[in-house]
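*Asks:* Sequence:
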Amino acid sequence: MRNFINPSLSNIKPSGIEKFFDIASKTPGVVSLGVGEPDFDTPWHISDEGISSIEQGNTFYTTSPGLIELRNAIGGFLKRKYGLNYNSEEILVTVGGSEAIDLAFRALLSPGDEVIIPEPAYVSYTPCVLLAGGKPVPLVLKEENGFQLTKESLESVLTPRTKILMMNYPNNPTGGEMDLSHLQEVADFCIEHDIFVISDEIYSELTYQGIKHISIGSLDGMKERSLIINGFSKSYSMTGWRLGYACSTKNIISALLQIHQYTIMCASIVSQYAGVEALNNGDKDIEKMKEEYAKRRLYVLKRLKDMGLTCYQPQGAFYVFPSIKKFGLTSEDFCLKLIKEEKVAIIPGSAFGDCGEGYVRISYAYSLNDLRTALDRLARFIRKQI
Numbered sequence: 016m017r018n019f020i021n022p023s024l025s026n027i028k029p030s031g032i033e034k035f036f037d038i039a040s041k042t043p044g045v046v047s048l049g050v051g052e053p054d055f056d057t058p059w060h061i062s063d064e065g066i067s068s069i070e071q072g073n074t075f076y077t078t079s080p081g082l083i084e085l086r087n088a089i090g091g092f093l094k095r096k097y098g099l100n101y102n103s104e105e106i107l108v109t110v111g112g113s114e115a116i117d118l119a120f121r122a123l124l125s126p127g128d129e130v131i132i133p134e135p136a137y138v139s140y141t142p143c144v145l146l147a148g149g150k151p152v153p154l155v156l157k158e159e160n161g162f163q164l165t166k167e168s169l170e171s172v173l174t175p176r177t178k179i180l181m182m183n184y185p186n187n188p189t190g191g192e193m194d195l196s197h198l199q200e201v202a203d204f205c206i207e208h209d210i211f212v213i214s215d216e217i218y219s220e221l222t223y224q225g226i227k228h229i230s231i232g233s234l235d236g237m238k239e240r241s242l243i244i245n246g247f248s249k250s251y252s253m254t255g256w257r258l259g260y261a262c263s264t265k266n267i268i269s270a271l272l273q274i275h276q277y278t279i280m281c282a283s284i285v286s287q288y289a290g291v292e293a294l295n296n297g298d299k300d301i302e303k304m305k306e307e308y309a310k311r312r313l314y315v316l317k318r319l320k321d322m323g324l325t326c327y328q329p330q331g332a333f334y335v336f337p338s339i340k341k342f343g344l345t346s347e348d349f350c351l352k353l354i355k356e357e358k359v360a361i362i363p364g365s366a367f368g369d370c371g372e373g374y375v376r377i378s379y380a381y382s383l384n385d386l387r388t389a390l391d392r393l394a395r396f397i398r399k400q401i
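Per our numbering, the very first residue in the sequence shown carries number 16; after that it's consecutive.
None of these hints come from the bench; they were simulated from the model. What you were told as hints is all true, and nothing was included just to trick you.
Distance ranges between label pairs, derived from CB positions:
| no. | residue 1 | residue 2 | range |
| --- | --- | --- | --- |
| 1 | 395 | 96 | 40 to 50 Å |
| 2 | 170 | 91 | 29 to 39 Å |
| 3 | 227 | 23 | 32 to 42 Å |
| 4 | 71 | 296 | 17 to 27 Å |
| 5 | 52 | 148 | 24 to 34 Å |
Below 20 Å or equal to it, Euclidean Cα-Cα: the simulated EDC-like pairs (lysine to aspartate or glutamate) are:
| no. | residue 1 | residue 2 |
| --- | --- | --- |
| 6 | 178 | 203 |
| 7 | 352 | 391 |
| 8 | 28 | 347 |
| 9 | 355 | 33 |
| 10 | 310 | 52 |
| 11 | 320 | 158 |
| 12 | 238 | 203 |
| 13 | 340 | 321 |
| 14 | 399 | 348 |
| 15 | 166 | 235 |
| 16 | 157 | 170 |
| 17 | 238 | 209 |
| 18 | 178 | 209 |
| 19 | 352 | 33 |
| 20 | 317 | 307 |
| 21 | 166 | 203 |
No residue lacks a Cβ here, since even glycine has one placed at the ideal position from N, Cα and C.
With the hints as constraints, model all of the structure from the sequences given.
*Replies:* In structure tokens:
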């Protein structure tokens, strides 16, 4: 019998995050700091709106682009927060930010088109490019630059086939953020070389020390050559609601919609009504959760310093990315040994690209009690390695 499986799947590595999530789920007594999922419940007024929509009989399909009330709320939110200007026809509601990423590559790439992917990078970008027939081109981000993109680094990977730059700031896994001067450099570079930008801004609301996220789509000349992806999972603690959105010019959104309408049809109407409530009345919830993340961030950084681990001080998201190079173990071996000996699950840096080797990702989207327990165990593990 012939092999019926798409041969392109052979080029896609299993997710390093999923691997350690699976190991952790099968290890009794494990404390996991591996998954980027807030430990807060969805704020009640948001959940209540979802419940109310069911009670009112709103359990049917919406139009494929999403509820007009939600798209208008998204446009208003992006305008007051980031100075972005999108009307309802320039917004597509998706099943999480992940669907928006997949749709973007499938709608915009032709076979052989190159996508610059700054690494360390979120695990889904490269597989989605490959599945769309594109060619991922890794660009190594440097810790000494705060994991920011620079014009020089972009020039080093530019070719005649470069079509898209994939951006993710605040960054997963490093917590890096772009300042305005570097962001303007990137925008100027993309305009000069006619490159389109897909910007995953799912952590845009989670920045620290007075830093405010700037969206590349707000810079002059960038609305027409960028697609902004965001969602509700991280900022509103709504991971299981699976609600995200993509914003761009009408012709780009129409291209994504052509695929979305045949594959997903629409995001859950219950989630969409909850999303309207989140955007209209959820600012205080974000601030409350962000204050807790800020405390956890400082606690984790101090504990890592006390252990003798060097670590970039993240400016956003809820991850730290410490170096474990001095122990002479690969990042995967370090994490496997840690979970076996101390029952602590974290993610090897190699899961986020080859340049992530020698680092590990630790999420501080967990309670202080879980963080304290896990870091006590990590400290004990490190003492045994010295």
